[in-house]
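Read top to bottom, the protein sequences are chains G and X. Quick note on the numbering used here: the first sequence kicks off at 1 and runs consecutively. Quick note on the numbering used here: the second sequence kicks off at 1001 and runs consecutively.
In short, the hints are calculated from the structure, not lab data. Ideal Cβ positions, reconstructed from N, Cα and C, are used throughout, including at glycine. Worth double-checking, as some hints may not be accurate.
[Claimed, not checked] Just some of the chain G residues that point at chain X, by a computed CB distance under 10 angstroms:
hint, residue
1, E94
2, F96
3, D119
4, S124
5, V206
6, A209
7, E219
8, I301
9, F305
10, P306
11, Y316
[What the hints assert, rightly or not] Below, a list of computed lysine to any residue pairs in the SDA-like style, where the Cα atoms sit at most 25 angstroms apart:
hint, chain 1, residue 1, chain 2, residue 2
12, G, K264, X, G1264
13, G, K264, X, E1147
14, G, K292, G, L169
15, G, K264, X, L1180
16, G, K264, X, R1307
17, G, K99, G, S86
18, G, K264, X, T1146
[To be verified] If the Cβ cut is set under 8 angstroms, some of the chain X residues that face chain G in the computed set are:
hint, residue
19, S1066
20, Y1068
21, G1173
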Amino acid sequence: MSEPTRTPSKLPRKPRKKGADDEPAALGSNPFDAAVGPDPFVQGLSDLGLSTPLEPPAAFFEGIDDDFTAEPSAWRSAPPLAEVESSEPISGLEAFVPKDVMRRVNALSYLAEGEATYDRYGFSPEVTRRAFPYLWALHRYYFRVQSEGHEHIPSRGPAVMCSNHAGLLPFDAAMIVADTVMNTDPPRLPRSIVDIWAGSLPWVNVLYARGGQIIGTRENCADLLDDGQLMLVFPEGVAGVRKTIADRYQLRPFRVGFIEHALKARAPIVPIAVIGSENQAPVLYNFKGLAKLLGLPAVPITPTFPLLGPLGLLPYPVSYKLVYGEPMALHERFDDPDSVDPDTTRALSLEVQQVVQELIDRNR
Amino acid sequence: MRRNILVTHADAPIGRRLIKALYYDDRVDRILAVGAGPPPNAFDRFLASPDQRVAYARVDLARHRSMYDLFHSTRLDSFEIDSVIHVPPHGPREDGPPQLAGLAQRTAEARLLLHHCLEDSAIRRLVVLGSAFVYRLVPGNSNRFTEQSDLDLSADVPAETRAWIDCDMLFHGALHDDRLAVTLLRSATVVASGGFVFMNPAFDDQTGRCKRPIGFDPMCTLISDKDVVRALSLAAQANVTGIFNIAGRETVPLSRLAEWTSRGELALPGPIFAGVSRMLHLARGQRARSSLGGVQQRYGFTLDTSRALRELSFRPVYRIGRSRDGDGRLRLETARA
């Protein structure tokens, strides 16, 4: 088949006239109205004279915030507390929360931007502000949290906070988050990594997202650390929360994913020991087969569950102690942290596990 | 090099804005706009311009005969079209009968367009606007997709999403053609000033109401229609091919997007959603266009746009928010940062 031939162009080539109407479009007018003048953004595109391959001149980005793409040299952080204003309480309980605490929560709004006031994972400073008084009340009066070692939490840049996990419901994570917000300067919000199963739970998935907690996919973890944020992980996983009272404070084998992320992001690992969470919901027995059948993490028997129904899963008012250990800069041991072999990664995970175990044993 | 571009669905909102942008682009010589309906009023001054750089043709892109006539017309030859920008149908539409061998209209158009672009040796460049809802979602609000992420090839994907995926795979298959340079842009939810939303399954029925299951509020990454047009323009001029994610800077919950666009929200328990979807399927005799209670109404995602930044030099410049219109009501607006 012969290729189609092109007839010579019959259209005269005349110089293009610019639109005579230079009035900018009025706010609220129909953008497709023929009466509207040339679109200023279109003129800007032509005026730049971009040629291929494209190398946009600096003017192309004029006026655009540079924090759109996270750069290692531009990790965001909360403003100094002195620059954060107090706000009027928006809920009854907030009136009882010290103003300094709520200023710390207000300072976290740097994580969201624009009128949308959400970050890309769904964190909402407004929802967090409404929920934090309850966290504070639990932290201060219900679990009576004592903590030490806050100076080991980096004030800036990425870090992986690594803790033991117990107690069926993740109140230990909630207390770590609240404690870190209240005791770091500038205030930092740990983004705890939650199991993918939690993302399928109605309301729970929204609550987690609005509070800054994130489903633990590899991409999310890498993005968090690239953005210079704190990542809170529980390397025992679900095995930690469902261990029985006979195995309390005996760590289950740590997974290795957090090691890989920490090495790749050159982030220090901050070990945390949580003492008390093992007693908040002592598991007498766990029906593993039934849990697997129902697609649940566990079907436990506790002194109050299933005796009291769902209320039996609520934690007992035990006393918490949080101990933050010295940060472990594992990435500094390797010239090329990206090329660490799996055996070494496993050994590093075991080392971190031992450090957390020592912290627990020393502080029980 | 000045290009002569054919734009499909130029009578649709994104297409109209694209024509306007291309008209004022010094790197574009001639523009052939095709659409299903009559030429929009906004094109009057372009069409009346003495330089005759813009022409409009009514073409049913899903019909074999009309597409054949278009690509073998003297008009196409006289305009010396060397680039095609395919803006697929977007926004709520009426259901219609399958256009070609039982395929959705969008898929039929994509097949015909790709076929003719490959056949016509004068056409060197094809830029296609696709949807980022083709990716496979997992539970949670934090799915982050790169261009290498998996597509959702499961059997229970809604019909509308299936059409997007089919089109995506069609153009994906042509990426490595020796002559035709294909660029596929997977776009986030497109919003336009005045509260218009395009290319989001939750707003995809004729009522325009937002549907979601109770207890879920997925995050929606947004992009302004003006930034979409910028990306298409950049892709048409660039010397790169491949797939690129494009998105703006804002990510909002679906409920907030419904509020910003003044659309009613329909939240139902998940099992009822699934039941209604099945009933519609039985009543219409075909799969419901958009699944009520599918994963796209439950789980959100964000897009990794670093490749577009690196290779297309595309960076969103339009912020999305609300402002008061002449009547004092808040409405969604997009404005240059």
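Against the structure, the hints:
1. E94: Not OK, violated: E94(G) not within 10 angstroms of chain X, min 23 angstroms.
2. F96: 29 angstroms, violated
3. D119: Because about 7 angstroms separates D119(G) from the closest Cβ in chain X, which is inside the 10 angstroms limit, the hint holds.
4. S124: 8 angstroms, holds
5. V206: Nearest chain X Cβ about 5 angstroms off; hint holds.
6. A209: Status holds, d = 4 angstroms.
7. E219: Cβ of E219(G) sits 4 angstroms from chain X, so the hint holds.
8. I301: 28 angstroms, violated
9. F305: 23 angstroms, violated
10. P306: 23 angstroms, violated
11. Y316: Y316(G) check fails; min Cβ-Cβ to chain X is 28 angstroms, beyond 10 angstroms.
12. K264(G) <-> G1264(X): Roughly 45 angstroms between the alpha carbons, so the hint for K264(G) and G1264(X) is violated.
13. K264(G) <-> E1147(X): Cα-Cα ~21 angstroms, so holds.
14. K292(G) <-> L169(G): 18 angstroms, holds
15. K264(G) <-> L1180(X): Distance ~39 angstroms between K264(G) and L1180(X) Cα, so the pair is violated.
16. K264(G) <-> R1307(X): The hint holds at about 20 angstroms.
17. K99(G) <-> S86(G): 7 angstroms, holds
18. K264(G) <-> T1146(X): 18 angstroms, holds
19. S1066: Not OK, violated: S1066(X) not within 8 angstroms of chain G, min 18 angstroms.
20. Y1068: Where the cut-off is 8 angstroms and the nearest Cβ of chain G is about 12 angstroms from Y1068(X), the hint is violated.
21. G1173: 22 angstroms, violated
In the structure shown, a violation is registered for the earlier hints numbered 1, 2, 8, 9, 10, 11, 12, 15, 19, 20, 21, in ascending order.
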